[in-house]
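Asks: Heads up: the protein sequence lines correspond to chains A and B, in order. FYI, my numbering numbers position 12 of the first sequence as 12, with every residue one higher than the one before it. FYI, my numbering numbers position 221 of the second sequence as 221, with every residue one higher than the one before it.
Heads up, a few of these hints could be off.
[Claimed, not checked] Result set (BS3-like, lysine-lysine): computed pairs, CA atoms no more than 30 Å apart in a straight line:
(1) A/K177 - B/K298
(2) B/K199 - B/K211
(3) B/K211 - B/K298
(4) B/K151 - B/K169
(5) B/K199 - B/K169
(6) B/K151 - B/K70
(7) B/K113 - B/K70
(8) B/K113 - A/K278
(9) A/K177 - B/K169
[To be verified] Covered by chain B, according to a simulated footprint, are these stretches of chain A (three or more residues, beta-carbon under 8 Å):
(10) 48 to 62
(11) 187 to 193
(12) 259 to 268
(13) 305 to 315
[As the list claims (entries may be wrong)] Not close to chain B: a few residues of chain A, all C-beta gaps over 12 Å, as computed:
(14) F84
(15) V108
(16) L150
(17) I179
(18) S330
Derived from the structure by calculation, the hints contain no laboratory data. Here a beta-carbon is modelled for each residue, glycine too, at the ideal position from N, C-alpha and C.
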Amino acid sequence: MKRELLILLVAFGLLLALAVSSLAVGAVPIPLVDVVDWMVNQEDSGLSVAQRTILWDLRLPRIFIACFVGGALAAAGVGFQGLFRNVLADPYVIGASSGAALGATLVVVVGVKLSLGGLGASVIGPMLGSIAVVLVVFVVGSLGRHASALTLLLAGIAISSMTNAIVSLLMFLNDQKAIVILSWLMGSLAGSDWSVVWVTSVAVPLGFILLWGLARQMDAFLLGDAASQSLGLSLMQFRMLMIVGASLLTASAVGASGIIGFVGLIAPQIARLLIGAKHCWLIPMSSCVGAIILVVGDAIARTVVAPAELPVGIVTAMLGCPFFLSLLLSSKTAGRV
Amino acid sequence: MKRILRNWPSTNAANGSFSIGFFVVLSIVLLAACERSAVESKAPAANPPAANSSEIRLVDRLDREVRFSKIPTRIVSLSPSTTELLFALGLGSSVVGRTEHCNYPLEALDIAKVGSGTLEGISREAIVSLQPDLVLCKWDSHQPLIETFEKLAIPIVAFGPENIEDMFKEARWIGSITGHQTQAEQLVDRMSARLERLKAVVSKISVQDRKRVFYQVWDAPLMTAGPTSFIGELLTTAGFNNVFSDIANRYTRVSSEVLVERDPQVIFAPTTHSTEVKLESFATRPGWENVTAVREGKIYIINGDQVSRCGPRLLDAMEQMIRLGYPEIAAGLDP
Numbered sequence: 001m002k003r004e005l006l007i008l009l010v011a012f013g014l015l016l017a018l019a020v021s022s023l024a025v026g027a028v029p030i031p032l033v034d035v036v037d038w039m040v041n042q043e044d045s046g047l048s049v050a051q052r053t054i055l056w057d058l059r060l061p062r063i064f065i066a067c068f069v070g071g072a073l074a075a076a077g078v079g080f081q082g083l084f085r086n087v088l089a090d091p092y093v094i095g096a097s098s099g100a101a102l103g104a105t106l107v108v109v110v111g112v113k114l115s116l117g118g119l120g121a122s123v124i125g126p127m128l129g130s131i132a133v134v135l136v137v138f139v140v141g142s143l144g145r146h147a148s149a150l151t152l153l154l155a156g157i158a159i160s161s162m163t164n165a166i167v168s169l170l171m172f173l174n175d176q177k178a179i180v181i182l183s184w185l186m187g188s189l190a191g192s193d194w195s196v197v198w199v200t201s202v203a204v205p206l207g208f209i210l211l212w213g214l215a216r217q218m219d220a221f222l223l224g225d226a227a228s229q230s231l232g233l234s235l236m237q238f239r240m241l242m243i244v245g246a247s248l249l250t251a252s253a254v255g256a257s258g259i260i261g262f263v264g265l266i267a268p269q270i271a272r273l274l275i276g277a278k279h280c281w282l283i284p285m286s287s288c289v290g291a292i293i294l295v296v297g298d299a300i301a302r303t304v305v306a307p308a309e310l311p312v313g314i315v316t317a318m319l320g321c322p323f324f325l326s327l328l329l330s331s332k333t334a335g336r337v
Numbered sequence: 001m002k003r004i005l006r007n008w009p010s011t012n013a014a015n016g017s018f019s020i021g022f023f024v025v026l027s028i029v030l031l032a033a034c035e036r037s038a039v040e041s042k043a044p045a046a047n048p049p050a051a052n053s054s055e056i057r058l059v060d061r062l063d064r065e066v067r068f069s070k071i072p073t074r075i076v077s078l079s080p081s082t083t084e085l086l087f088a089l090g091l092g093s094s095v096v097g098r099t100e101h102c103n104y105p106l107e108a109l110d111i112a113k114v115g116s117g118t119l120e121g122i123s124r125e126a127i128v129s130l131q132p133d134l135v136l137c138k139w140d141s142h143q144p145l146i147e148t149f150e151k152l153a154i155p156i157v158a159f160g161p162e163n164i165e166d167m168f169k170e171a172r173w174i175g176s177i178t179g180h181q182t183q184a185e186q187l188v189d190r191m192s193a194r195l196e197r198l199k200a201v202v203s204k205i206s207v208q209d210r211k212r213v214f215y216q217v218w219d220a221p222l223m224t225a226g227p228t229s230f231i232g233e234l235l236t237t238a239g240f241n242n243v244f245s246d247i248a249n250r251y252t253r254v255s256s257e258v259l260v261e262r263d264p265q266v267i268f269a270p271t272t273h274s275t276e277v278k279l280e281s282f283a284t285r286p287g288w289e290n291v292t293a294v295r296e297g298k299i300y301i302i303n304g305d306q307v308s309r310c311g312p313r314l315l316d317a318m319e320q321m322i323r324l325g326y327p328e329i330a331a332g333l334d335p
């Protein structure tokens with residue numbers, strides 16, 4: 001078996017094992033034996049109604065969302081890092097997070113009660129906001145005569161700053177609601193429910209497949225504009241498809257969980273150190289790593305200060321950073337990052 | 001590069017079969033989940049909605065109608081002021097969950113904690129495990145909890161008074177859904193009578209003798225309470241003129257320059273849980289040495305738990321403010 005496939009399978013197996021065992025972890029401890037009993041026997045299991053509610057309505061959707069969001073952010077991170085040929089790019093680099101924040105803020109401030117197929121406004125708002133701002137950035141960034149990836153990046157930075165300023169202004173003017181916005185900005189998986197699982201289970205695989213399908217072009221694109229064009233790559237089309245895929249992933253992630261930093265930046269780096277830089281392996285591997293980081297991070301977030309909870313972004317950064325640094329220092333291939 | 005391109009078809013095939021496997025597993029899991037939720041969502045519909053006359057309805061602070069078919073006996077309170085109110089209404093034994101900050105009365109400390117009080121610090125799992133039949137959450141900062149608990153059919157009421165009248169109204173709400181109407185009326189009557197006595201004392205202070213006051217919510221950044229907050233109401237009712245009576249927000253940052261210019265005669269600062277408020281620190285702020293309150297030492301630190309909670313102890317805080325700001329009329333207050 002190919003070495004890369006083996007690594008990927010191990011990572012995926014590890015993700016499955018962690019996801020199942022994290023069902024046993026939370027503010028209310030439920031032993032793994034009981035969790036397995038519940039998975040097999042459902043209503044006939046020996047668990048109380050409250051325990052079943054916790055597992056089914058609160059914990060299971062949360063773990064699903066952690067997998068989807070972690071996987072989506074990591075894949076989007078690979079996408080933007082490839083698109084800008086810069087390993088410091090993250091899923092929020094061209095305005096997805098600021099757009100999502102604006103969407104969420106408007107929903108909170110205006111008090112929209114719209115709901116679509118069971119999805120609350122607090123999910124739809126950030127998704128639409130994120131897509132809208134990325135769209136504006138893409139249009140503005142592609143207007144100039146010498147439009148390049150750099151124009152796009154700069155347009156993204158400028159428009160993000162302005163959007164963030166609008167969010168801050170809205171928070172200032174609506175101080176009663178500011179705290180809700182603030183806690184949304186911190187990112188959390190605590191509000192996960194099944195309606196969000198359905199949407200992400202469609203949107204995330206879609207975006208993922210789109211990016212994965214572009215894996216070979218991404219390899220070629222890394223060689224530079226001229227070289228990749230000579231290999232038959234249509235730059236404009238490639239760039240657009242990349243942005244659509246990566247933004248779909250990012251928008252689904254921010255809609256489901258708010259802004260969770262770090263995963264989209266560091267999961268691709270860890271994956272690159274483990275499996276190499278070839279995108280056909282790197283994209284699925286990054287997603288596995290991202291999902292693992294978020295599943296483990298959220299399990300810690302909901303237990304370490306129990307019965308209180310920590311924002312998951314704090315945990316993922318504190319957990320992932322030392323791991324990444326140790327990989328970086330021990331790896332012979334560190335220069336390739 | 002050529003090597004990459006040549007290798008591509010084989011790896012692509014491997015990935016393809018892998019991805020198909022992945023999504024098959026995923027869809028089986030999701031389909032199983034789907035079936036399960038469909039069955040569950042039918043369950044409540046099977047029971048005809050209880051149309052009996054004993055059903056109690058309540059329209060909460062977010063204009064949501066909440067129905068109760070029976071009297072709640074397992075209450076989770078998500079703010080310290082609500083916990084104090086529940087105890088004042090004689091419902092202490094029905095409270096099964098509280099936040100870390102619910103520290104009054106002392107009996108409250110024996111109740112199970114469900115988190116730290118801010119939205120992200122509250123554990124939904126811990127609340128569910130207590131099997132509550134009423135959750136009282138803060139209307140402004142806990143909204144996402146409402147979405148979760150509505151879906152779980154656990155009654156949740158958006159709560160949190162922002163002035164004394166609101167507090168009376170919400171005390172009556174709790175009274176009506178818990179069958180403690182009498183206790184609620186008694187509490188309201190008792191507090192109203194005390195409020196009237198305090199107002200009578202304050203009315204002896206002539207308009208020109210009313211002191212300019214600055215209420216420091218936080219020191220860095222400098223923050224104060226505006227007239228729309230209950231603290232703002234407290235200051236005015238206690239006979240003070242809030243130097244920041246012209247701000248629209250409840251709690252907001254203010255300029256140190258404007259404060260110096262408006263020259264408060266009295267400064268109140270609540271104790272906080274994080275950093276100790278030091279009296280000496282006021283005089284060291286640039287420009288503050290000439291502020292009347294600083295020069296005359298009329299800076300008072302008051303019990304933050306009393307003054308920062310719109311609950312049954314609010315009038316204690318008001319009385320303390322009157323005693324500190326107007327010692328000459330304190331004799332007229334109840335001993």
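Asks: Checked against the structure, which of the hints given earlier come out wrong?
Replies: 1, 8, 12, 15 and 17
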